[in-house]
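One letter stands for each residue in the lines below.
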Amino acid sequence: MIEIGRMCVKIAGRDAGKKCVIVDVIDNKTVLIDGQTRRRKCNVNHIEPLDAVLKIKKGASHSDIAKEFSKLKLEARETKPKKTAAKPVKSRKKKEKAELKEAGKEPKKADKKGDKKK
Amino acid sequence: MPSGRYKSRTLRRVFRRVPSSKIKLQYRKRKPRNAVCGSCGALLKGVPRERPYKMRSMSKSKKRPQRPYAGNLCSRCMRKKIIAIARTGA
Chain A
1 MIEIGRMCVK IAGRDAGKKC VIVDVIDNKT VLIDGQTRRR KCNVNHIEPL DAVLKIKKGA
61 SHSDIAKEFS KLKLEARETK PKKTAAKPVK SRKKKEKAEL KEAGKEPKKA DKKGDKKK
Chain B
1 MPSGRYKSRT LRRVFRRVPS SKIKLQYRKR KPRNAVCGSC GALLKGVPRE RPYKMRSMSK
61 SKKRPQRPYA GNLCSRCMRK KIIAIARTGA
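From first to last, the protein sequence lines are chains A and B.
Take 1 as the starting number for the first sequence in our numbering and just add one per residue.
Take 1 as the starting number for the second sequence in our numbering and just add one per residue.
Keep in mind that the hints were calculated from the coordinates and are not lab data.
Since the structure is predicted, the reported quantities are computational estimates derived from the model, not experimental observations.
Don't take every hint at face value.
Unchecked claim - The list that follows gives simulated cross-link-like pairs (lysine-lysine, DSS-like), each with its CA atoms no further than 27 Å apart:
hint: 1; chain 1: A; residue 1: K29; chain 2: B; residue 2: K60
hint: 2; chain 1: B; residue 1: K81; chain 2: A; residue 2: K18
hint: 3; chain 1: A; residue 1: K41; chain 2: B; residue 2: K45
hint: 4; chain 1: A; residue 1: K82; chain 2: A; residue 2: K55
hint: 5; chain 1: B; residue 1: K45; chain 2: B; residue 2: K31
hint: 6; chain 1: A; residue 1: K82; chain 2: B; residue 2: K81
hint: 7; chain 1: A; residue 1: K83; chain 2: B; residue 2: K60
hint: 8; chain 1: B; residue 1: K31; chain 2: A; residue 2: K18
To be verified - One-sided excerpt, in silico: chain A residues whose CB lies under 7 Å from chain B:
hint: 9; residue: E3
hint: 10; residue: G5
hint: 11; residue: V9
hint: 12; residue: I11
hint: 13; residue: R14
hint: 14; residue: A86
Don't be surprised by glycine CBs; every beta carbon is placed ideally from N, CA and C.
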């Protein structure tokens, strides 16, 4: 039953109830799955095999699986590309740092402790 | 001696350290009973046992596990149900 291309339903975890395909058999109890679920390693006990078998190659890419799923009128899970918003990076002014070093760290630390107590 | 209204056990008793560093007896309202699986009656894990006002302030992910039928069925019953659906549907 457990073979590459076998359609399954995931029965454990947050992807439970979603359909997936076995992409690779890693060892006799773990497989690599993809489809409506995230592409991930999965315990064989956590999937329920179905009748259908898709024609896919070992380790097929997510786009291939998405095509096969669209034939079955299923939607493969698409992860949105992360937006890397430009965060303002906090940076100290170099001049201040140099000044602090000259003044010595001890008075600064004492000030901080005093602030916390307040 | 507790005053009359505190003599019955409608309120639960809690020992709290008060600001004057003494341990004092306080009275709180009782918590509701544990959440239970709808099909087998087992206690649900990951569902906190709190009064509604506290549940309201909690985030959704803190109130139940992240899986289908979470907060209603235990994981074993959920698994059975999904397997049954998969076998009849396919």
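Practice problem: Determine which of the earlier numbered hints do not hold for this structure and return their numbers in increasing order. | Solution: Hint check: 1, 4, 6, 8, 9, 10 and 14 fail, others pass.
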